[in-house]
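Model the placement of chain C on the given structure of chain X, informed by the hints.
Chains as they are written, first to last, in the working numbering: chain X, 1 to 115; chain C, 1001 to 1105.
Treat the hints loosely; a few may be bogus.
A partial selection of chain X residues facing chain C, derived with a Cβ cut-off under 10 angstroms [to be verified]: (1) Gln6; (2) Phe34; (3) Tyr36; (4) Leu44; (5) His102; (6) Gly103; (7) Tyr104.
Below, in silico cross-link-like pairs of lysine-lysine (PhoX-like), each with a Cα-Cα straight-line distance of 25 angstroms or less [claimed, not checked]: (8) X:Lys64 to C:Lys1079; (9) C:Lys1079 to X:Lys20; (10) X:Lys41 to C:Lys1079; (11) X:Lys41 to C:Lys1045; (12) X:Lys64 to X:Lys20.
A few chain X residues facing chain C, derived, Cβ under 8 angstroms [claimed, not checked]: (13) Ser43; (14) Ile93; (15) Gly107.
For the record, the hints were derived by calculation from the structure and aren't laboratory data.
Bear in mind the structure is a predicted one, so any value in this text is a computation, not a measurement.
Yeah, the Cβ is synthetic: ideal placement off N, Cα and C, and Gly gets one too.
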Amino acid sequence: GAVVSQHPSRVICKSGTSVKIECRSLDFQATTMFWYRQFPKQSLMLMATSNEGSKATYEQGVEKDKFLINHASLTLSTLTVTSAHPEDSSFYICSALGTGVHGYTFGSGTRLTVV
Amino acid sequence: RKEVEQDPGPFNVPEGATVAFNCTYSNSASQSFFWYRQDCRKEPKLLMSVYSSGNEDGRFTAQLNRASQYISLLIRDSKLSDSATYLCVVGDMRFGAGTRLTVKP
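If we strip away everything but chain X, and leave its shape as in the complex, we get:
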């Protein structure tokens, strides 16, 4: 079946630094990528939607200059958390929609801790 590889699975960084999270579709072309954030015991909150080759569309309240999304190819999308703060600590997860794939395929998630 369709697989989305997400890296890193876990990262700890210092306040003020930037962290890049990658999602790669391994056996299909991801035409659309969704990025989510999930706080403990809460649901997935959609942060942004990106289509290959286009600028991402951000949800209300999500700072586009802080959460940089790049979807330059049909197999790779990245989320960069810039100038990270402790309140950015969360579980970040991507989900891809592609041709010939039923439903949405999730990456395994990245647990970010900012200290």
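Showing chain C alone in chain X's frame:
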């Protein structure tokens, strides 16, 4: 009103029980509906799509009621391994808050 709302749960049921979750949505133009399962600290995994005519997959039955704008998931003969959080997804990846199910021996 939230775009997607789910039964808050948690649901604690004995093995073998039948349990049902509902999920209401606000956008009447929504065209796609899914149920996902999420285990603790893991990514959600597709459980089943929800079709207009309703669909069944083994012990799981999903139904869509467009008039009342809700979808449902019925689990029969619950197993311990069914313990998880069940998320409904409506339209363009709008997730419900999830319903936690614990099946006990």
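A quick look at each hint next to the structure:
At its closest, the beta carbon of X:Gln6 sits 8 angstroms from a beta carbon of chain C; the interface hint therefore holds under the 10 angstroms criterion. At about 5 angstroms, the closest approach between the beta carbon of X:Phe34 and any beta carbon in chain C falls short of 10 angstroms, and the interface hint on this residue holds. Restraint check, X:Tyr36 versus chain C: the minimum CB separation of about 8 angstroms is within 10 angstroms; hint holds. Satisfaction of the interface hint for X:Leu44 is found here, the shortest Cβ-Cβ separation to chain C being roughly 5 angstroms, below the 10 angstroms cut-off.
Among the interface hints, the one on X:His102 holds; its C-beta lies about 7 angstroms from the nearest C-beta in chain C, closer than the 10 angstroms criterion. The criterion of a C-beta within 10 angstroms of any C-beta in chain C is met by X:Gly103, whose closest approach is roughly 4 angstroms, and the hint holds. Against a cut-off of 10 angstroms between C-beta atoms, the interface hint on X:Tyr104 holds, since the closest Cβ of chain C lies about 7 angstroms away. At most 25 angstroms may separate the alpha-carbon atoms for a hinted pair to count; X:Lys64 and C:Lys1079 exceed this at roughly 43 angstroms.
The suggested pairing of C:Lys1079 with X:Lys20 is violated, with an alpha-carbon distance near 39 angstroms, which exceeds 25 angstroms. The suggested pairing of X:Lys41 with C:Lys1079 holds, with an alpha-carbon distance near 23 angstroms, which does not exceed 25 angstroms. Restraint check for X:Lys41 and C:Lys1045: satisfied, since their Cα atoms lie roughly 17 angstroms apart, inside the 25 angstroms limit. As the CA atoms of X:Lys64 and X:Lys20 are separated by approximately 14 angstroms, the hinted pair is consistent with the 25 angstroms bound.
At its closest, the beta carbon of X:Ser43 sits 4 angstroms from a beta carbon of chain C; the interface hint therefore holds under the 8 angstroms criterion. For X:Ile93, the shortest C-beta to C-beta distance to chain C is roughly 6 angstroms, which falls under 8 angstroms, so the interface hint holds. Interface restraint check: X:Gly107 against chain C, minimum CB-CB distance 6 angstroms, threshold 8 angstroms, status holds.
Checked against the numbered hints listed earlier, the structure breaks hints 8, 9; every other hint is satisfied.
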